[in-house]
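Each chain is listed here by its residues.
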Amino acid sequence: MIRQEHCKVISQIKLAENIYELTLQGELVHEMKEPGQFVHLKISEGYDPMLRRPISIAEILPDESQFKMIYRAEGRGTALLSEKKPGDYTDVLGPLGNGFPISEAGREETALLVGGGIGVPPLYELSNQLVNRGVKVIHILGFQSASAVFYEDKFAMLGETYLATADGSAGTKGFVTDVINGLKINFDVLYSCGPTPMLKALENQFPHKKVFLSLEERMGCGIGACFACVCHTGDDPDGYSYKKVCSDGPVFKAGEVVL
Amino acid sequence: MNSLNVSLPGLELKNPIMPASGCFGFGREFSQLYDLSQLGAIMIKATTFEPRFGNPTPRVAETSAGMLNAIGLQNPGLEKVVNEELVWLEQFDVPIIANVAGSQEEDYVVVAKKISASPNVHALELNISCPNVKTGGIAFGTIPEIAKNLTKKVKEVSEVPVYVKLSPNVTNIVEMAKAVEDGGADGLTMINTLVGMRIDLKTGNPILANRTGGLSGPAIKPVALRMIYEVSQQVSLPIIGMGGIESAEDVIEYLYAGASAVAVGTANFVDPYVCPKIIGELPELIGKLGYEHISECTGRSWKKHEKAAHYCS
Numbered sequence: 323m324i325r326q327e328h329c330k331v332i333s334q335i336k337l338a339e340n341i342y343e344l345t346l347q348g349e350l351v352h353e354m355k356e357p358g359q360f361v362h363l364k365i366s367e368g369y370d371p372m373l374r375r376p377i378s379i380a381e382i383l384p385d386e387s388q389f390k391m392i393y394r395a396e397g398r399g400t401a402l403l404s405e406k407k408p409g410d411y412t413d414v415l416g417p418l419g420n421g422f423p424i425s426e427a428g429r430e431e432t433a434l435l436v437g438g439g440i441g442v443p444p445l446y447e448l449s450n451q452l453v454n455r456g457v458k459v460i461h462i463l464g465f466q467s468a469s470a471v472f473y474e475d476k477f478a479m480l481g482e483t484y485l486a487t488a489d490g491s492a493g494t495k496g497f498v499t500d501v502i503n504g505l506k507i508n509f510d511v512l513y514s515c516g517p518t519p520m521l522k523a524l525e526n527q528f529p530h531k532k533v534f535l536s537l538e539e540r541m542g543c544g545i546g547a548c549f550a551c552v553c554h555t556g557d558d559p560d561g562y563s564y565k566k567v568c569s570d571g572p573v574f575k576a577g578e579v580v581l
Numbered sequence: 176m177n178s179l180n181v182s183l184p185g186l187e188l189k190n191p192i193m194p195a196s197g198c199f200g201f202g203r204e205f206s207q208l209y210d211l212s213q214l215g216a217i218m219i220k221a222t223t224f225e226p227r228f229g230n231p232t233p234r235v236a237e238t239s240a241g242m243l244n245a246i247g248l249q250n251p252g253l254e255k256v257v258n259e260e261l262v263w264l265e266q267f268d269v270p271i272i273a274n275v276a277g278s279q280e281e282d283y284v285v286v287a288k289k290i291s292a293s294p295n296v297h298a299l300e301l302n303i304s305c306p307n308v309k310t311g312g313i314a315f316g317t318i319p320e321i322a323k324n325l326t327k328k329v330k331e332v333s334e335v336p337v338y339v340k341l342s343p344n345v346t347n348i349v350e351m352a353k354a355v356e357d358g359g360a361d362g363l364t365m366i367n368t369l370v371g372m373r374i375d376l377k378t379g380n381p382i383l384a385n386r387t388g389g390l391s392g393p394a395i396k397p398v399a400l401r402m403i404y405e406v407s408q409q410v411s412l413p414i415i416g417m418g419g420i421e422s423a424e425d426v427i428e429y430l431y432a433g434a435s436a437v438a439v440g441t442a443n444f445v446d447p448y449v450c451p452k453i454i455g456e457l458p459e460l461i462g463k464l465g466y467e468h469i470s471e472c473t474g475r476s477w478k479k480h481e482k483a484a485h486y487c488s
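Residue numbers (my numbering), protein chains in the order written: chain A, 323 to 581; chain B, 176 to 488.
I should point out that these hints are in silico values taken from the structure, not numbers from a laboratory.
Some hints could be false.
Derived coverage of chain B by chain A (criterion: at least 3 residues anywhere in the stretch with Cβ under 8 Å from a Cβ of chain A; other residues may be distant) [stated by the list, open to error]:
| no. | region |
| --- | --- |
| 1 | 200 to 207 |
| 2 | 221 to 233 |
| 3 | 244 to 258 |
| 4 | 438 to 451 |
Every residue, glycine too, gets a C-beta built ideally from N, C-alpha and C.
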């Protein structure tokens, strides 16, 4: 169920260049089930920014009624968010959307988790839940450069972890797809979140595999009412059929929507 | 005693608060959050004869105290709205105001005729002011004679009262209001969004794929108040006011300007519970201001009142 709550800031940690990990506490944590869901944050009390900001959930900690988000301070909203301190409160609406279907990966099967930049965070909770189910996980994480890398060690604790950076300052120089091709990885299910060109490349490269992609789009309401984040469906690419990224997604099966 | 009920042509409202068209879909999403029967009415998303996919994304951009949208009247078309969405809405005890849009006169007439026959549609909102569609829409809303004729044609076929939604993107709003009054409109809703633009610093391109979009939110409230203030003194039609409303205080300001009821738009995106919140706060506020019933507020900014208001917050 969707809830609105003023959640308490437990910690705010700078992980990398402009990348922050924010831990919040609130009862709505107990509504969070699937990895890949997001929350919609009203960051300031005033009108600048006016709208909420959708941010993915990186880790759910039900025992402490806490959850973590990792975000990049880029625009006005996220810059203000990065100024929040322990003890402050933030208006949270959530959890929203449909996350990654973990039951698609069976026990002893291998799941390949591919993240790009600020698309990496939701894969952490996903990986945790998959490992708990007895699924073998392999992570391939792409970043701009070594200074933007975060959570490498935490992912490595859960399974094999490979990095790719655009400038070669960490891991393989190039794209995540270069790593996949170089290692000739075998997998049963692929889960991914990151920039659209990366998702497109993965969708094209594995047409016969089970592939689940998390999309990003500018949102208004976050609950499916405003029709801001609409995309065409794969079976009717020029017609009237549509899916809403916020409430039908943000995770879709590859081919379900037009990227 | 109910201090909030309002009677308007076709509409017996429990309270003067309703979500604005385009900001509430057909109610399904918000029904997960609260009982829609609390609302005075619901203005459903614009309906066209054929289904419409709408504009490419990005469809929204933000600005200080407001947002731009260019959704492009996405909707499932007349048949689905009548047979699915309106039927689904029948479970709630709330009158529906159906927003009717089109790109040519025949479209409006066909949609108005059919949708007005739905049992829970108590009024139409004639959308002659959408800034985000390439043909039709805006011409109907900016040329008085065309607006008048369209109103007349829709009135001939509608089974319920017709409210015309006015565009603020005109030089003389009073002239437009008078034209649709001559055309037989039963009421006005105002205002639709103001045409605006934002440009991306990195790419140098407009942020919206449609380039321009409609500005809504608190930024447009003073414009709407001024227009309602002018129009309400010049025409005898009741007005449903809208533009940046997000609190009980805003509602009273709109009524003072000359509105009889109000619609809440963009604020639903920021606080999805804003409509029931405002409904809950209104009785205390009108009491503080010294009124027994909310209808006493309408037009106070230009009517001569003997009763002084005591605002003691």
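* Asked: Which of the listed hints are not met by the structure?
  -> Of the numbered hints given earlier, the structure breaks none, since each of them holds.
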